[in-house]
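The listed protein sequences derive, respectively, from chains A and B.
Those letters in the first sequence? Residues 1 to 337, by this note's numbering.
Those letters in the second sequence? Residues 1001 to 1337, by this note's numbering.
Be aware that a few hints might be false.
As the list claims (entries may be wrong) - Here are the computed distance ranges between Cβ atoms for each label pair:
(1) I1074(B) - D120(A): 51 to 57 Å
(2) L1211(B) - S154(A): 53 to 59 Å
(3) G1075(B) - S154(A): 32 to 38 Å
(4) E1289(B) - T81(A): 30 to 36 Å
(5) L211(A) - A1092(B): 42 to 48 Å
(6) D106(A) - L1211(B): 24 to 30 Å
(7) D1311(B) - Q169(A): 39 to 45 Å
(8) M1(A) - H1117(B): 40 to 46 Å
(9) G1077(B) - D106(A): 53 to 59 Å
Said to hold, decoys possible - One-sided and incomplete, this derived list gives chain B residues near chain A with beta-carbon spacing under 7 Å:
(10) L1131
(11) I1173
(12) H1217
The hints are simulated quantities; they were obtained by calculation from the structure and are not laboratory data.
For each residue, glycine too, the CB sits at the ideal point set by N, CA and C.
2 protein chains.
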Amino acid sequence: MDIALLAHEKFPDEAKTALGILRYSDDTVVAVLDRDSPDTRVHDTVPDVQDAPIVASIDEVESYDALVIGIAPIGGGFDDTWRDDVRTALKAGKDVISGLHYFLEDDEEFAQLADEHGADIWDVRKPHDDLTVAQGIADSVDAEVILTVGTDCSVGKMTVSLELARAAQERGIDAEFIPTGQTGIMIEGWGNPVDRVVSDFTAGAVEEMILEKGNDHDYLFVEGQGTIIHPAYSAVTCGILHGSMADKLVLCHAAGREAIHGYESFALPDFSTYRQLYEDLARPVHETEVVAGALNTRSIAEDEDAQAAVDDFADAIDAPATDPVRFDPDTILDEVL
Amino acid sequence: MDIALLAHEKFPDEAKTALGILRYSDDTVVAVLDRDSPDTRVHDTVPDVQDAPIVASIDEVESYDALVIGIAPIGGGFDDTWRDDVRTALKAGKDVISGLHYFLEDDEEFAQLADEHGADIWDVRKPHDDLTVAQGIADSVDAEVILTVGTDCSVGKMTVSLELARAAQERGIDAEFIPTGQTGIMIEGWGNPVDRVVSDFTAGAVEEMILEKGNDHDYLFVEGQGTIIHPAYSAVTCGILHGSMADKLVLCHAAGREAIHGYESFALPDFSTYRQLYEDLARPVHETEVVAGALNTRSIAEDEDAQAAVDDFADAIDAPATDPVRFDPDTILDEVL
Chain A
1 MDIALLAHEK FPDEAKTALG ILRYSDDTVV AVLDRDSPDT RVHDTVPDVQ
51 DAPIVASIDE VESYDALVIG IAPIGGGFDD TWRDDVRTAL KAGKDVISGL
101 HYFLEDDEEF AQLADEHGAD IWDVRKPHDD LTVAQGIADS VDAEVILTVG
151 TDCSVGKMTV SLELARAAQE RGIDAEFIPT GQTGIMIEGW GNPVDRVVSD
201 FTAGAVEEMI LEKGNDHDYL FVEGQGTIIH PAYSAVTCGI LHGSMADKLV
251 LCHAAGREAI HGYESFALPD FSTYRQLYED LARPVHETEV VAGALNTRSI
301 AEDEDAQAAV DDFADAIDAP ATDPVRFDPD TILDEVL
Chain B
1001 MDIALLAHEK FPDEAKTALG ILRYSDDTVV AVLDRDSPDT RVHDTVPDVQ
1051 DAPIVASIDE VESYDALVIG IAPIGGGFDD TWRDDVRTAL KAGKDVISGL
1101 HYFLEDDEEF AQLADEHGAD IWDVRKPHDD LTVAQGIADS VDAEVILTVG
1151 TDCSVGKMTV SLELARAAQE RGIDAEFIPT GQTGIMIEGW GNPVDRVVSD
1201 FTAGAVEEMI LEKGNDHDYL FVEGQGTIIH PAYSAVTCGI LHGSMADKLV
1251 LCHAAGREAI HGYESFALPD FSTYRQLYED LARPVHETEV VAGALNTRSI
1301 AEDEDAQAAV DDFADAIDAP ATDPVRFDPD TILDEVL
């Protein structure tokens, strides 16, 4: 499928969804929409993902199958300056895919345009209707379950889970990625948006996916969310930890991060505190262990400095660690398999 | 307001909502509906709450203002054998109040009957539309925040919070109860159903209530939910712990409970484990402490045995404890004020 990625005024640094799709999707990105950077290319700022031209609006994209909203502002609202692009796509009969909390299919104009022009709107963050409470049986599947947990939001948990699943597949191992957030769902084409389900069903939404996939594969790499000490999002993290009944954990951190992103008055505790919290909290439901760490070193210029930061992180969490994007995921993979 | 309480086949042992209303509501219960126990009275089985006749259907209730669904089956569905009672109430122009996950106002027949006969349907578990993520500022209010936390579901957290708030008020202290579940909301007439909100908004739904009430009172007694080690519901517990930024915790337990209710393969850990988990998990967001324990001794016949169980519990959690319903709440209140 050929897709156009909407990322106005946010590409690349604040366009987590767009970057995830550019890096991992099997779809071809034919254009990125960012009115702040017209006539440039993705590779001008992000060299290690698929390349695409950056244009100011969807009018400049000649041929595509779907328009994907590639940014997710805090709160998940729809920015009305995007309306022209979405309108144009729907009028051309193109599908529109969105991970916003604001559901495009509930927008009267968009719903009508989609109907008139035979276009589909896929709100990936809209949970399906049959979700329910967890039964506490995710550990009954054959697969080994590996969950990424974090020191904060936006430290790379989805990336690490995807990198590990793909590296395992390259070794000939039957591994599957379990998506829990909008970007992962867009990349894989399925999954439950765990941060958008009824709070009572948080663990159940994860368990459902594990029961669905867990007997068809040898390893499941579950995408974690948030952090267990987040002032706003810890509920989701806790539900995933208990609902997944993970056998092994990979602790993810972004080098240099010292406070909760967007909640700067909350300092991050020691790495050893995280390790202990995740393990102690999981234990009464399912015994688990932090077996490795993943450090996002994007903010560090030199490889040598990045390696030093990785070594410090490994010492602090008392487990092997690496940056699976900058270096390679083998160090972690050897611990989880 | 005069209310009729629907509790078919479940009164009293499995009718938590009905019992809570009978014990704490300012409304007058004119009848309990239980087709299994017609021609009996509440006081035949539960002596320490307001008394009411038990009848087989709403047809036998002469005068009332509202019908309240007083039972909450696992999953929160609507039992179609209750339809006649609800239909009869709506046709008589009486309001219907429900805490089910299944929203009665979305039921076509009920919605139409309510409309035709000028009756209101209040689905207390339907969250309001303006909920959003927590800001991490619940500690900015003037009031001291006291949260009940539990070793399991259904151990008496709502009861303990209500007993403490009322005992404080009787001492002339300006205290307020913060309801987070359907029964508490029905008793108080307001509140956010925290187990029914979008998972990302769990902490936010609690924070919103604390910000609304926290500068008008000296103490807020927040109703806890679930337990932090619940295989299905821990997300809600975690969101309340962090969203409330509680200054003090009261650990609640039901004497004799050894495994998670309904999830019997999960043994309860030591009480010291709970204390440590709640305190360690809260600390990075807001420092707090388990200052007292509340033991539900309903299952113990003799007061002397109940007191012995309370003493053991106090030793195990290393804090003063009592059963605030059987004895009195002063032991706990002295610790939290």
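Here is what the structure says about each hint:
1. Between I1074(B) and D120(A) the CB atoms are about 36 Å apart, so this pair departs from the stated range of 51 to 57 Å.
2. A beta carbon spacing of about 26 Å between L1211(B) and S154(A) contradicts the range 53 to 59 Å that was offered as a hint.
3. Hint check: G1075(B) to S154(A), Cβ distance near 35 Å, so the stated range 32 to 38 Å holds.
4. A hinted range of 30 to 36 Å for the beta carbons of E1289(B) and T81(A) is inconsistent with their spacing of about 49 Å.
5. The supplied range of 42 to 48 Å is met by L211(A) and A1092(B), whose beta-carbon atoms lie about 46 Å from each other.
6. Against the hinted window of 24 to 30 Å, the Cβ-Cβ separation of D106(A) and L1211(B) comes to about 28 Å, which satisfies the hint.
7. Between D1311(B) and Q169(A) the Cβ separation comes to about 58 Å, which falls outside the hinted range of 39 to 45 Å.
8. At about 53 Å, the beta-carbon gap between M1(A) and H1117(B) misses the expected band of 40 to 46 Å.
9. The beta-carbon spacing between G1077(B) and D106(A), approximately 25 Å, falls outside the hinted interval of 53 to 59 Å.
10. Given hint, L1131(B) at the interface with chain A, is violated; its Cβ is 11 Å from that chain's nearest Cβ, farther than 7 Å.
11. Interface restraint check for I1173(B): the shortest CB-CB distance to chain A comes to about 28 Å, outside 7 Å, so the restraint is violated.
12. For H1217(B), the shortest C-beta to C-beta distance to chain A is roughly 23 Å, which exceeds 7 Å, and the interface hint is violated.
Violation of the numbered hints given earlier is confined to hints 1, 2, 4, 7, 8, 9, 10, 11 and 12; the remaining hints are satisfied by the structure.
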